[in-house]
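K.L.:
Going line by line, the protein sequences match chains G, S and C. Read in order, the letters of the first sequence are residues 1 to 143 in the UniProt record's numbering. Read in order, the letters of the second sequence are residues 1 to 464 in the UniProt record's numbering. Read in order, the letters of the third sequence are residues 1 to 750 in the UniProt record's numbering.
No wet-lab data here; the hints were simulated from the structure. Small disclaimer: the values here were computed from a predicted structure and weren't measured. Please note: incorrect hints may appear among the correct ones.
Straight-line Cα separation of at most 35 angstroms, DSBU-like style, residue types lysine-lysine; simulated pairs [said to hold, decoys possible]:
#, chain 1, residue 1, chain 2, residue 2
1, S, Lys-82, S, Lys-67
2, S, Lys-322, C, Lys-657
3, C, Lys-193, S, Lys-407
4, C, Lys-712, S, Lys-292
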Amino acid sequence: MAPKKAQSHTAPSAQSASSTPAKSSSKSSGNALDAQEIVLGVWNKYVEKTPQRVKLLDCFMLFLAVVGALQFLYCIIVGNFPFNAFLAGFSACVGQFVLTASLRIQTNPENKKEFETTSPERAFADYVFGSFLLHFFCVNFIN
Amino acid sequence: MRGLFSVLLLALVSAVSAVSSTGGRLLVVLEEHSEREKYGVFFGDLEARGFHLTIESPKSESLSLFKHGERAYDHTILLPGKSKGLGPALTANTLLDFMKKEGNILIALSSDHAIPTSIHSTLLELDIHIPSDKGALVVDHFNHDSNKAAEKHDVLLLPFPQALKPNVKNYFAGEGLIAVPQAVGQTLGNESPLLAPILRAPNTAYSYNPKDEADIVEDPFAVGSQLNLVSAMQAHNSARLTVVGSAEMLQNAWFAEKATLAGKAVKTANRDFAARLTEWTFKETGVVKVGKLIHYQDEGVSKKMNTSLAIPEHNPTIYRIKSDVNFQIEISEYSQDRLAPFLPAPGDHVQLEFSMLSPFHRLNLSPISQTANSTIFGVSFKTPDQHGIFNFRVNYRRPFLTSIEEKRQVTVRHFAHDEWPRSWQISGAWVWIGGIWVTVAGFVAFVAVWLYSAPTEKSVKKTQ
Amino acid sequence: MAAPASDTLLQQFTGRKTRGVLRFVILGLIAGAAVSSRLFSVIRFESIIHEFDPWFNFRATKYLVQNGFYSFWDWFDDRTWHPLGRVTGGTLYPGLMVTSGVIYHALRALTLPVDIRNICVLLAPGFSGLTAFATYLLTSEMVASPSAGLLAAAFMGITPGYISRSVAGSYDNEAIAIFLLVFTFFLWIKAVKNGSMFWGALTALFYGYMVSAWGGYVFITNLLPLHAFVLICMGRYSPRLYVSYTSWYALGTLASMQIPFVGFLPIRSSEHMSSLGVFGLIQIVGFVEYVRVQLPNKQFQTLLRALVFVIFVVAFGGLVVLTVSGTIAPWSGRFYSLWDTAYAKIHIPIIASVSEHQPTAWPAFFFDLSMMIWLFPAGVYMCFRSLTDEQVFIVIYSVLASYFAGVMVRLMLTLTPIVCVASAMAFSQILDTYLDAKIPEQGAKENGSSDPAKVAAAVLPDGLRSTRNPLVGIYSYASRLTVIGASTVYLMLFVLHCTWVTSNAYSSPSVVLASRLPDGSQHIIDDYREAYYWLRQNTPDNAKVMSWWDYGYQIGGMADRPTLVDNNTWNNTHIATVGKAMSSREEVSYPIMRQHEVDYVLVVFGGLLGYSGDDINKFLWMVRIAEGIWPEEVKERNFFTQRGEYRVDEEATPTMKNSLMYKMSYYNYNSLFPAGQATDRVRGVRLPAEGPQLSTIEEAFTSENWIIRIYKVKEPDNFGRDHQSATAFDKGHKKKRASKRKGPRVLRVE
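Here chain G stands alone, though its shape is the one from the complex (with noise of 0.2 angstroms):
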């Protein structure tokens, strides 16, 4: 369950995308005034500077995240029960997730240099295929 764990510990990267203030608070943790202009310097930095639709797959898997991680605090208080089903439907989430990073990932044009193959119709193509894949073996699997 660890690695699951993990998992939803990414989440908050999605939320606070680039991330910085998590780094930079707990290197200076004592100056929270220090801490929140950064945040804020960072957010700003994000919200000019990336790409619309690099936001808007932060914004998507933001949200599955927060599916993911309401499905997986469901499971904990109330149970498993028919643990296909919540196989299935946390797996959805997990994958879905996953594979929006990948997308973010081959799409983001900073990772241009890593996929000179892969153009961004490609990848989306990709991302489309692998997706359906991924919701007919859940839709399969709960039955």
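Position chains S and C against the provided structure of chain G, taking the given hints into account.
P.N.:
Chains S and C alone, transformed into the frame defined by chain G:
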């Protein structure tokens, strides 16, 4: 089936109503033809009941229990004779083979005559013991006929036997007293459930050898009700063997005699008892037959859609775990001349086992309806939560009744993949279903927005 | 075999297109060679299913073809494991049957009605052709030179290590699984190289297919995460790895869970935890990497390493805790025996009793891989020289597979592909070096076509050689000729060896035995089928046959009779029950057989023919397995003489002589020989003058060479006697009259 056929056939051939359920060919082994008259009434009664008697001497060349490997007779009566051997046609092995082929044997012994070795070893093989000394007989100083055996006390006068156990049917009931003269007593082995006493000696009786007075004091053969005057053995295939301790009791001389018991004048009822005895031995009574046996899945009310049309399939070979099953068995009893509805003795039940290695269910079958000549027993139950190869098993063995051993193999399978509740039928799964569809919806919305936002993305790129 | 060499030779005359066509033709020829070398068994014997497990697969396939997929899925098999039955649909890997079912229906749709048996017989050779192709693809991903790919394909096509499991008729899961294994690896390499979700998803799809086909999928489940893990540890994390791994894992795990037999295992069992752990790890690494990009910092590196380490420890600890607490299923016994070869022998005799699970004897490596065994390290070494992502994969694969192949004979199969790939790489390097020197511009052209990373790898050795070759001048021609000649000889020898091994060692159906008559002609010993067909023709349809589990599938397949235990050894207790019945006295065995409704008992006896794989030789396993459940009633020690020998002759222990197995094997065997001359030709001993007597069972059938003996279990005695006294009575021994009773009289109570 063969029994039923022969019943029909014989019913047509002879006007006589009563006949055995297995056939009427009866062999009587009697050494001396002259003695035939002594058993005249007994034979007459048998013939009147539809038996075809063949009386042969054990020395006869043509005597054979088998013909072409099949039984030549349906029943055999062995009456005592002078000689010590019964000849090659009636060895212990042939007698047992005869019984293996469902032939019935009535053996009559007499303390006056030597007991042939083949009978000795046959009885020994069946765990019925008789005194090894010649001339040993049963005496009783309290229940004897003071008329004929005032001195020797060796003619016992006994009432008809009671039921062996409270919940066992009694096929030997009657009115009056039975005279048992010069009987050879038998004891039964303790192990075999196939043996049953028909007529037990009274508590005051004992086996006694006139030639060896000392023996009785030290080590009597048997005393009291351990001593049987008439005993029965019914093999697994329901072949019957009856040992009558006293051949004399079947003779005319004792069929309706006047006797005196403790000063009172009574009349012997040996004729009745002999009839009961032969009826049972030759399968005119105590024969149960299984008719139709059905089991089917109880569809219940859950499948309302097609119940009006669908008749449940009878005797399917496969069931599912935790499904409702109905089981019905039709049992009739042959009494004298016809099949009648069978009902177990009070306090007794026919039971159904649903077993795999060991019974998962053992249920009393209750009579649910009756036809003209059978009772239909039935029970319904739920198959256990265990898949495997199961048997519907009715194993009904009671003293004096032919055994019922019915086994129907069925397979109990697991839930098929489409028999589990669907996810939306389980309320607990709604959350997760919601999770999936929210994800999918989010995905669709995202794709839509993504495609919609394509141009703006380019412009963003350009601005960068 | 010389095809790749000629391919390189011809390159000078042809353009790219022609080479493509040529390559295609060569691959076709390789596939043809692969298929045809597997047909020895059909030619020598006939088109028949081999051995044991394939008979079950065949029977299952017939069921699938007759009843359709859904009823196959829900199949409850009431003809095995009597009376427990087997939820077959949920306890098998359906990939193989479904594949042949699809082929069957496809052919019928094309109006080519082919008997399902022939499809099953020829499936493995057919797929071996595909495996050769997949090996070509995989190798081509590894190195630039296409000749390596073709060599690897050729190696894969004819190597005995793979042929051993894929001759015509050996219709087993491995038949398609090896193809899937290689192809999945190819897709994975492709995915890692491109960092593409598409290839990742395809990997997952084929992984799912593999899961549906063979239990060995666990190898992939562990190898891919290990590859990813090693790459991360080497500091080679890249977004490509993230994309390919996560998309493979997310989809592949879900795909594997669709198979009913696998079910929740990917979440529950320890074998699958590594992939889950790496999945979590890669998320963290991906996140951290992302952060690092945003905020370049020197301190960050150390922080990152610490973080990775801490998380690894936490995850591993969590895994241990969960395993101990029982949330995650502990490792299965078969898996333990992978780490400790002695484990199975001590704890699970049933696993140890399977010859496939024995550790490999070292000659087997040479036998199965021949010259590749020394080319293989060279290939691996070459990978070390230019360590790209995919070559790391080769290194890991070869290390892991070598270990496993050493532990378990069966896993030689997983080693074979990588050996082929690595040795083909080494061999093609030799050939390329010595052939390409003739035409330097060819080499340049070829290098130009591959990606830059490869050029660096390939140029380095070539450069060294090319600087040397012109210097040496005239000698180079001779040395080239020598080396090429030697290589050609090696290749020829390899082909000869492979053909010889295939035709002699791996083409026996083991259902039909062959022997040589003194005049050299072949004599077919067909006792198995004779006996199984006897059962089929002469016994009621649901007569239950008890035999040792080895023959369960064959009885089910050929005799079509229910069996008590079979080669799917899922229920140890049930097998132990059979073992107990076989190793106990008749009086003990009879109630067991009655309870299980056994009608016939079948034993395999090789004493007359000298056939050593018989039941007396397997007997100790039965005893051991039975002892595992009933240590009080069955004791292995009692089957050995005072001096610890396992004997069947005069000196055999009473326990041995009274065991049902011994009695059934040697019953009436004396009558074949003059008095006192009975000899067991397997054990090479003379048997006691008086043979064993049977009372509760009677001989029903003995095959021509006495290999199979079938006994019928008697009904209970009609008169309630025990069988011993009944038999004695029938033989004419009359009971003694109870003379004087001893002790108190036992009274009868009604």
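K.L.:
Determine for every hint whether it applies to the structure shown.
P.N.:
Verification of the hints:
no. : hint                    : result
1   : S:Lys-82 <-> S:Lys-67   : holds, 27 angstroms
2   : S:Lys-322 <-> C:Lys-657 : violated, 47 angstroms
3   : C:Lys-193 <-> S:Lys-407 : violated, 66 angstroms
4   : C:Lys-712 <-> S:Lys-292 : holds, 30 angstroms
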